[in-house]
Every structure is written in structure tokens, then in C-alpha cells.
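Taken in sequence, the protein lines are chains A and B.
For the first sequence, the residue numbers in the working numbering are 1 to 202.
For the second sequence, the residue numbers in the working numbering are 1 to 196.
It is possible that part of the hints are untrue.
[To be verified] Stretch-level coverage of chain B by chain A, calculated; a stretch enters the list once three of its residues show a Cβ under 8 Å from a Cβ in chain A:
| hint | region |
| --- | --- |
| 1 | 69–78 |
| 2 | 81–88 |
| 3 | 97–111 |
| 4 | 169–179 |
Bear in mind the hints are in silico, worked out from the structure with no lab data behind them.
We put the CB at the ideal spot given by N, CA and C, even for glycine.
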Amino acid sequence: MDLGQFLAIFISAVFIYNVILSRFLGLCSFIAISKETKPALAMSLAVMFVITMSSMLTWFIYRFLLIPFNLTYLRTISFILVIATFVQLVEMVIRKIAPAMYRFFGIYLPLITVNCAVLGVAVLNIDMFFINGKAVQGSFYYSAFQGVCVGLGYTLAMLLMSGIRERLELCNVPKAMKDFPLGFVIAAILSLSFMGFNGFKF
Amino acid sequence: MKKLLSEFFKGIIKENPTFVLALGLCPTLAVSVSVINGIGMGVAATFVLLGSNMIIALIKNFIPARIRIPCYIVVIATFVTIAELAMKAYSPILDRALGIYVPLIVVNCIVLGRAEAYACKNSLVNSFMDGLGMGVGFTLALILISGIREFLGAGTILGHTVVKGFEPVFVMGMPSGALLLIGLLLGFFNLAKRRN
């Protein structure tokens, strides 16, 4: 475990391989909920929390259940079930103990189950931090940190996009390009500027 | 018979999952760098759609309504695992090219969307045709997008040079090229719809 590795994970997850603009994970929610800044922020925070927690959960499942019993081919099924259950649980807990917070982002929680970013990061962690079925040293911390960083990258892209789209509401755009199509063109320009981080070397 | 054919053809144009319903865009954009990747993803998704639609149509009467979504996800994940293992065994190169997007078919909204909107209310044969049509529609959309991207981004189609001396537009092979193309295509389809 060294600090350089954490820095590398941070830069690559937030900027170079931004979860939305470069890996295309969570694109549906990105286009659908980025019309205004406040819901966009709520959704981003919810996604960040769920991704971080599910990164840790799936690490435990892979390391202590699937590898010892030689069941690694059940990765996809077990991960998606754990994520779906976990999201349901979070929703119930938040509704019970923090009704104000539930009103703030409760409606976005069910959407996260089918947000490909969550499963995508879980699978990515396994691909990156397990070599030949063995955990790399410090892989648990790397996985959890990558979860946080991907969440930050998601938040960054959401805030940029919603800020731009709030302004676009005031503009007169071609009718055929309104909403989704224009959203994708803007995302393309954002992604183009994020490509500038590609040359980063450590 | 006529009804079955219309179930099949609606997925290709009228309810095309990519262009009309705008579902499952993540894998569409991510793997469409080359036509062969697009076809691989299309075939894998079609297999999963067919399998899950058929199984769900068969067991729809035994699933309690409250927990139907988790049940659908388990069925879908099973077929995704089959596709994943088969691809690893028979076409490791394609498996490496598609990477994490193969397991991500589980969360592809097309598959769950058809289970929830169609297979849980219709018969086995109808669901089969629906799955087949949606799968073929998805594959055709992938071929269209990946064809444009491969031609503009690398100057080739299926790895063969098409026009001699064509200077490739590098950005079309990058993620931003995919986003730009899908934005323009969706705009174009909107325009066509408004003209009609």
C-alpha cells in the first residue's frame, strides 16, 4: 500500500477514465436527472454512497465466499443481488431514521439498482485488484477508495452537465435537438475536454 | 402468424430499443469502436433477451408480484453468466475487447424493460418473438453506430480498408466521438419523426 497508488487511482477514476464521460457507466441517469443542479447533486451523493459501500461489500463476498469455495463464476449473479438488496436496505433505513434526507434523495435510490456504474465498479475492482484469483496487498483499501473516487467523478460530471443545461433552458435550440440529443452533444464536448487528462504520467 | 411477425418487426424500426426507446445506451456507446465488437455485444444481448424473455414468460404465474424484479434479475444474471462463460471459452479476444461490458448486460435496461413490460404478460411464443425482434433491433443499431465510428475513426469496416487515402478522424474512435454521434443520430431520428 503506498500513497502514489492512491493518487493514481484518484486521478484515473475522477479525470482520465471518468465513469460517465469515458466509461459510459450510469449514462441513463446522467442524461435523465441532469436538468437541474439540486436533484443532480442529490443523485450524485446517493450514487457515491452506494458505490463506496457496494465496493466494500462485494470485496468481502469475492474474497471470503467466492474464492475459497471456487465459485468465482457466480460473480455477476451474486454481485447484482447484493447490490439490489443493499439499495433496498439503505432506502428502508433512511426512510425510518432520516425522513428529511429520504425526501431529498429517496426517490433516486431505487434507480441506483439498475445504474450500471455500481455493478461496473464492483467488477472493475475485481479485475484490477485481484490477480489470478488472489487479492493484491491492500486491495480492500484500493477498492473502497476507487469507489469513493468514481463517485466523485460522477458528481463532477453531473454538476458540470446540470450547470450547462440550466443555462440552455434559456436558449432557443432546434426543436429536434431539444433535451436528449443536445445533452449527448454537450456530453461529447465535456468528454473531449476530459481527454486532455489522458497524457498524465506519474 | 401475422401477429408473430409484427411482434418481431416492431423491435427493429417502430420500437427500436436504441433510437426510439433510448434504452441500453451505455454498452452501445462503449463497445461500438469496431463493427466486430458491436456484433459480439449484439449477439450476446440477443441471447440473454431470448433466454430471459422465454423463462419469464414460462414462470410468470409463479412469481409473487412484490418480489418480481429480484426474480427477473436472477433469471437475467443466469443467462448473462452463460453468455460470459461461453464467450470466454470460444472467443477470448472478443471477451477481452468487450471487457466489463459483458457482465453489465445484467443492468442493461432493454433486458429488464422487456421482462417487465412484455414477457410477464404474454405467452411463450410471443415473448420469444419479442425478444428476438428487440435483440435484432439492438444489434442492427449497434452495427450502424459501430460502422460509422469504425469507418470515420479508423478508415476501415470489419478491419478492411474501404477508401484508399482516407485520413481517419481520430476523435470518432474516442468516447467523445461516440457521444457526439449518438446525439446527432437521435436528433436526426427526432427530425424524421416530426416530418412524418
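How the hints compare with the structure:
{"no.": "1", "hint": "69–78", "in the structure": "holds (count 6)"}
{"no.": "2", "hint": "81–88", "in the structure": "holds (count 3)"}
{"no.": "3", "hint": "97–111", "in the structure": "holds (count 8)"}
{"no.": "4", "hint": "169–179", "in the structure": "holds (count 7)"}
Checked against the numbered hints given earlier, the structure satisfies every one of them.
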